[in-house]
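Using the sequences and the hints given, assemble the complete structure.
Here's the letter readout for the chains.
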Amino acid sequence: MKSTPVYGIMAEFDSAQALVDAAHHTHEAGYVKIDAYSPFPVEGLAEAMGFHKNRVPLVVLIGGLIGGLSGYALQYWVSAISYPINVGGKPYHSWPAFIVVTFEMTILFAGISAVFGMLALNGLPMPYHPVFNVPRFALATKDRFFLIVFSTDPKYSPNETRRFLESMSPRSISEVPS
Amino acid sequence: MDEPRQPEVLGGGAPVIEPGYTFGSVTDKISSIVLTRPTSNGWFLGFGIAFLLTMMMLFAIGYLFARGVGIWGVTIPIGWGFAIVNFVWWIGIGHAGTLISAILLLLRQSWRNSINRFAEAMTLFAVSAAGIFPLIHVGRPWLAYWLFPYPNTMRVWPQFRSPLVWDVFAVSTYATISLLFWFIGLVPDLATLRDRSTNRAAKIIYGMLALGWRGSARHWHRYETAYLLLAGLATPLVLSVHTVVSFDFAVAIVPGWHTTIFPPYFVAGAIYSGFAMVLMLAIPIRKIYGLEGFITERHLQNSAKVMLATGLIVAYGYAIEAFMGWYSGNRFDAFLLWNRLHGPYAVWYWALLACNIFVPQVLWIRKLRTSPVALFLISGVILVGMWLERFIIVVVSLQRDFVTSSWGMYYPTRWDWMTYIGTIGMFLAAMFLFVRILPMISIFEMRTLLPEAEVKE
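Protein chains in written order, with numbering that gives the first Met the number 0: chain X, 0 to 177; chain Z, 0 to 456.
Please note that the accuracy of each hint is not assured.
[Unchecked claim] In the DMTMM-like style, the derived pairs of lysine to aspartate or glutamate whose C-alpha atoms are separated by at most 25 Å in a straight line are:
1) X:LYS141 x Z:ASP400
2) X:LYS141 x Z:GLU453
3) X:LYS141 x X:ASP20
4) Z:LYS28 x Z:ASP400
5) Z:LYS455 x X:GLU159
Since the hints were derived computationally from the structure, they do not count as laboratory data.
As structure tokens, then:
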């Protein structure tokens with residue numbers, strides 16, 4: 000019966016609570032390659048799928064360190080080595096005066112890393128994604144909650160997985176063509 | 000329907016969102032303003048006026064580029080004049096947006112969710128308006144990029160011991176981070192607009208801007224981490240920006256500038272004027288677009304309380320300035336105080352005290368804190384007062400310094416006024432475009448305020 004390769008099976012739920020419960024249940028049942036979609040950040044949803052930690056803070060830390068160090072190094076090199084100017088006998092390496100720019104560069108690089116690091120880790124921008132093939136998925140940015148089991152999951156089987164998702168009484172179930 | 004979740008925040012009474020809304024109705028209400036509501040004649044009229052004022056600003060700047068800063072009222076000893084007054088005023092206004100979006104997020108003040116989006120937009124446009132002034136004030140604006148450190152054939156570099164160079168870094172970092180913070184907050188809502196709009200061009204444009212956002216739980220997880228970290232970074236940043244602006248003055252030895260109270264007093268004044276601008280924008284917007292259910296009495300009250308508190312800090316700043324003028328025993332500081340109270344700009348100083356200290360005290364009255372009309376008018380008075388404050392700081396200090404022979408007067412010319420009023424027009428034109436093409440209230444953060452958003456493990 001299969002004509003196009005299947006990306007996964009998607010179940011639609013009415014409430015955030017139902018989605019968290021379903022995600023929890025699915026994860027417990029041994030499915031690993033799953034994802035959940037919600038119109039707003041739902042507390043505990045990622046954790047229910049076994050996703051606890053992300054690497055955004057590390058990226059931000061590295062970005063901030065690079066920004067701060069390069070900001071300070073730039074000022075030191077400019078003021079003490081490349082273009083030393085004696086102003087009222089002040090030392091060329093007058094570190095208290097360099098704090099402000101060092102601070103601003105730290106914030107700048109850390110902030111840019113937070114935004115672009117988060118987007119990169121999320122694999123965005125990605126204009127096309129198979130889940131968009133499901134017409135009802137447009138409601139995922141309004142008031143519906145979706146759970147998907149990917150066909151790459153080792154436990155995935157077209158009929159069994161569908162039956163499993165049906166057992167959680169979703170509002171609808173659809174096959175996601177890839 | 001259950002009563003909406005009421006977080007423990009100051010100013011109980013009115014809810015942060017009227018009861019009865021659902022995920023769907025919140026979404027429809029906010030996105031329909033952009034997607035289906037016809038553009039009214041009032042919008043065209045308002046935008047048209049703002050656009051004409053923007054054109055006036057461009058004309059004034061064009062003439063400035065042709066003729067030079069001589070067309071302005073700046074002379075020696077008052078070389079800073081309107082350009083710096085307006086720069087500080089606009090930057091200060093921007094600060095409320097970051098305070099609302101970042102600091103109140105960290106403090107878990109969920110009432111911020113319905114005003115943070117347009118307050119951030121306000122920040123962005125205010126910083127853009129502010130940025131114009133130093134650039135056109137440098138005299139040779141086509142060389143303004145010399146402010147940045149870049150390898151050049153002249154083999155010269157900026158002077159990193161100068162607060163003016165710190166300011167370049169502070170303001171450009173602030174503009175960049177504000178833009179990123181605003182955009183990243185918009186991404187999930189742009190996805191909503193992409194999925195809701197029926198117009199193909201709108202679908203494509205919103206779709207591109209939404210970066211393919213699909214609301215995956217993993218994405219939300221990283222998104223929330225990044226958003227929180229950005230808020231944590233923006234918080235010290237916003238405090239640093241006006242601190243550095245105040246260093247532009249405080250590091251100089253001019254009487255009235257050389258004081259250590261400047262940084263906190265500038266930051267408080269920035270938030271003071273920023274909240275006044277937030278209210279002046281929010282009050283008409285909620286009325287025109289029927290958003291009283293989202294921007295409730297609670298928001299007005301809380302903003303009024305913030306203004307009252309920061310206004311008192313500002314008043315304390317003035318009092319300490321006056322006290323130190325007397326207590327320091329420094330005759331130049333004492334003379335500055337006398338000059339403010341009785342000198343040629345005394346009228347402006349008394350007007351400043353009236354606008355910033357006396358009039359806002361009526362906010363102690365609960366009835367006025369919840370009356371949109373009264374708040375709108377008081378906010379206008381505060382904005383005028385804060386502009387006068389910067390005028391007094393810049394002009395009256397420079398006007399009569401240590402040596403009588405170098406005293407002078409400053410008279411702004413029509414070009415000064417045209418540029419200043421023009422930037423207000425530019426700011427308003429940008430706001431008009433913003434409310435027309437982007438969701439002015441964060442839809443996804445409003446959804447989290449609904450009782451159905453709460454999940455038990």
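Going through the hints against the structure:
1. Simply put, X:LYS141 and Z:ASP400 have alpha-carbon atoms about 62 Å apart, too far for the 25 Å limit, and the pair is violated.
2. For the proposed pair X:LYS141 and Z:GLU453, the alpha carbon gap of about 16 Å is at most 25 Å, so the pair holds.
3. Note on X:LYS141 and X:ASP20: the hinted pairing holds, with a Cα-Cα distance of about 20 Å set against a maximum of 25 Å.
4. Taking the CA atoms of Z:LYS28 and Z:ASP400, the gap is about 58 Å. The hint is violated against a cut of 25 Å.
5. Between the alpha carbons of Z:LYS455 and X:GLU159 the distance comes to roughly 28 Å, so the proposed pair goes past 25 Å and is violated.
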